[in-house]
Amino acid sequence: MWVINSIVQILNDNAKSYCNHALKKSILEQLSNPNFRRILSNLLDAWQKESIYIDAQTLATAISTVKYCQTQAESELSVELVWTGPVNDTIPLRRTDQVLLQLIREVKQELTIISFAIYKIPEISQALKKAINRGVKVRLIAETPETSEGKISFGFRTSLDKEIIEKIQIYNWSLDKRTKDAEGRFGSLHAKCAIADSEHIFISSANLTEYAFTLNMEIGILVHSQKLASQVLNRVNILIEYGTLTLL
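Here this note's numbering is used: the sequence shown runs in plain steps of one and ends on residue 248.
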């Protein structure tokens, strides 16, 4: 970012000048990265050849505007890739359990978690207990052995402490509300995500299971976006309101 500021400063120092060899040289000297130099050189060439009546101050204003818009966009939507599986040291990424634990530990008011399977998650369970004790409202939307009809053997009752189960809201996709095919087969509650404080949403391929956190290859994204998090929460709330998701 300081490089952009330096370029803008040089342009403003030559506010009424037009592109010339000396000005172009002084600007390009700010860049040590050859790719950046090439890109900026192309911009300056276009300025010199195609926009000869645009002075340096006007170009500085245009660059500052682009910088501002990019900063605003990044503040409104920040995305982090999350990975569990074989490690490539050249691309450091956080694991699924690390990101989920961070969300649970930092949530202040409301947390909604959706998962198909829940099994052997002691660290997550302890983090949830502490969040509840902080006064966080927790909703869990999950598949159960009963409604899965054999697709999963264990549910939240065997994985979460009784104290947690008694203090959170737990919802399930009612069988009578599920879409069925011609042979009577129905779909599963297969979504996996966590939404914290209507601002942060973690969408993942991983279930809340020990295998998903330690052995499987899983991928997800952590998105910091009030708009996106609210859209997902609104969808969940509508499903609850219309009885598609029922309180257990």
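Just so you know, the hints here were simulated from the structure itself, not pulled from any lab data.
C-beta atoms are modelled at their ideal positions from N, C-alpha and C, and glycine is treated no differently.
Where hints are given, some of them may not hold.
What the hints assert, rightly or not - No farther apart than 27 Å at their CA atoms in a straight line, the calculated lysine-lysine pairs in the DSS-like style are these:
no.: 1; residue 1: K108; residue 2: K151
no.: 2; residue 1: K180; residue 2: K162
no.: 3; residue 1: K120; residue 2: K108
no.: 4; residue 1: K67; residue 2: K137
no.: 5; residue 1: K130; residue 2: K167
no.: 6; residue 1: K180; residue 2: K137
no.: 7; residue 1: K180; residue 2: K167
no.: 8; residue 1: K108; residue 2: K167
no.: 9; residue 1: K162; residue 2: K129
no.: 10; residue 1: K67; residue 2: K16
no.: 11; residue 1: K180; residue 2: K129
no.: 12; residue 1: K67; residue 2: K49
no.: 13; residue 1: K108; residue 2: K130
no.: 14; residue 1: K108; residue 2: K162
no.: 15; residue 1: K49; residue 2: K25
no.: 16; residue 1: K25; residue 2: K67
no.: 17; residue 1: K151; residue 2: K130
no.: 18; residue 1: K120; residue 2: K49
no.: 19; residue 1: K167; residue 2: K177
Stated by the list, open to error - Across the chosen pairs, the derived CB separations fall in these ranges:
no.: 20; residue 1: I10; residue 2: I52; range: 12 to 22 Å
no.: 21; residue 1: L233; residue 2: T90; range: 33 to 43 Å
no.: 22; residue 1: S225; residue 2: I4; range: 18 to 28 Å
no.: 23; residue 1: I10; residue 2: N234; range: 28 to 38 Å
no.: 24; residue 1: I4; residue 2: Y242; range: 41 to 51 Å
Hints the structure violates: just list their numbers, smallest first.
Numbers 1, 2, 4, 6, 7, 11, 17, 18, 23, in rising order.
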